[in-house]
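Novice: Single-letter residue listing:
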Amino acid sequence: MIARWLAAALFFVLLVAAWYLAVQARIWSPILLPSPISVADYVKSAVEDGTLWEATQVTVRRLLIGYGLGILVGLPLGLLTASSRWCQDTIGVLALGLQTLPSVCWVPLALLWFGQTEAALLFVVVMGTLWSLIIATDNGVRTIPPIYTRAARSMGSTGLHTWTHVVLPAALPFLLSGMKQGWAFAWRSLMAAEIYVTILTGFGLGHLLHYGRELNAMDQVIGVMLIIVVIGLAVDKTLFAPIEQFLHRRWGTARQ
Amino acid sequence: MAATEVNPAKTVPSKLVLEQVSKWFRTSTLTVHALDDVTLRIAEGEFVCLVGPSGCGKSTLLNIIAGLERPDRGVVQADGQAIAGPGPHRLVMFQEASLFPWLTVLGNVLFGLKLINGLSAAERREKAEYFIELVGLKKFMHSNVHELSGGMKQRVALARALAPNPSVLLMDEPFGALDALTREQLYGDIQRIWSQHRKTIVFVTHNVREAVCLGDRVILFSPNPGRIREEFAIPLPRPRDINSVDLARYSTEITRVLKGYVQTEVAG
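One line per chain: the protein sequences are U and R, in this order. Using the working numbering, you'd call the opening residue of the first sequence number 3 and step up by one each time. Using the working numbering, you'd call the opening residue of the second sequence number 142 and step up by one each time.
Excised from the complex, chain U in its bound form (with noise of 0.2 Å):
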């Protein structure tokens, strides 16, 4: 355990410093790559300043409330969708189709829409999200073996019952890699939309990465970048990767 975490730690290192030697060499002018100390000193000054603590906790409430959003009415139609054909042929189809336009198409249309409001920023996130949970959520019941309800069946479990005691149980491991799927989409989103919209009601992470291309500040740009890097690890490992252990730990399945 702890090899791995000095392995990491090196790694990370190594990184670090192979960019201060290329920024050493000049090799590009120092506006277009400024050195990783730079970067640590625009970092340091807006969390003294508290920009960033401020912007990182209105881009995250935006995206809790929109990835909430897409679960509570993701997960209930992927379950209709593959339970009910009439409910695949149609909402399936849609979700489907919409899931292959990028997050980032919904922005003009939200624009238009909402106007430069915060119903814009939760829309996009909201559409980026959605459909993609329905398809996880439709995939994950339709690969439960079917021998399982089939047992269930047998021993008298009927109706709602099966739904929850064994399909729902059943489809957990593919329900958590789609929102898991769900997260990444809902995260790409909001930058979209915050890098797009300009608002006055709370100044994101995305508006912080906006305004430092607008202002030349590529330390700033690289800094807020980390930062969206860090706090998607963040959740990853705290959020998710408990679940998945569970879930290994029970299920057997292999750890991804």
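The hints are simulated quantities; they were obtained by calculation from the structure and are not laboratory data. Be careful, since some hints might not be right.
[Stated by the list, open to error] Derived list of chain R stretches under chain U, where covered just means 3 residues or more per stretch with a C-beta under 8 Å from a C-beta of chain U:
| id | segment |
| --- | --- |
| 1 | 215-229 |
| 2 | 251-264 |
| 3 | 281-287 |
We put the beta carbon where it would ideally sit given N, CA and C, even for glycine.
Starting from the known structure of chain U, fit chain R onto it as the hints suggest.
Specialist: The following block gives chain R in isolation, referenced to the frame of chain U:
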């Protein structure tokens, strides 16, 4: 000594009655005549083995008795009542891993018990523990399913099927995926449990020797369409050892007859 044809026991009332049961499976490209005019009576407490090559409809027949499938034609009754659907009186033990991986051994055995009204939590727990102990897995009560070997899994499946106290136990090639040694242990277990609890058991297999080892009667099916060809009574004393010579005589005889009906198709 040759295996004799018999009439089903007439002195005991029939637990299961199948009259002229036929079943077809239709897909867009072909229609399979799975069962053709099958008539069968099974007495209370009888151990009946259905034997035949793959595709002879024996599993379909089991599913029909379970109430998981409906016949296209014919009458199926349990205790004089038409079978309308699945229920805890006739439980199925499947061939494949049908245990629920999200539950522990205890949770799996409790699953069927929780579907029975009028049992307190303590009574359920007590029954579940009793049957887990009966199949020799007391130490593994709280284990996860994937931590068990194939033979242990099928023992749990047996405990799960026995726990709700069904009067009929339907076993669909339950030992098909196990190695020979584990199978032999389970033959012993199943005979012991059967003699203690006297369930009516319908056991589907393509292994003639297994059928002779376990059954009071062995019923021979042939495919295309699935039909009953012959019945053999096995009046050997119990418990039976699958390696015994007497048993081998019966199985040789039945295998010979079986080959006559299906010739080269047996392989599947």
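Novice: For every hint, state whether the structure bears it out.
Specialist: Hint by hint, here is what the structure shows:
Restraint check on the segment 215-229 of chain R versus chain U: 3 residues with Cβ-Cβ distances below 8 Å, three needed, restraint holds. Coverage of a stretch by a chain is defined here by at least three residues with a beta carbon nearer than 8 Å to that chain's beta carbons; for the segment 251-264 of chain R and chain U the count is 4, and the condition holds. Judged by the Cβ-Cβ criterion of 8 Å, the segment 281-287 of chain R is covered by chain U as claimed, because 3 of its residues qualify and three suffice.
Comparing the model with each earlier hint shows no violations; every hint is respected.
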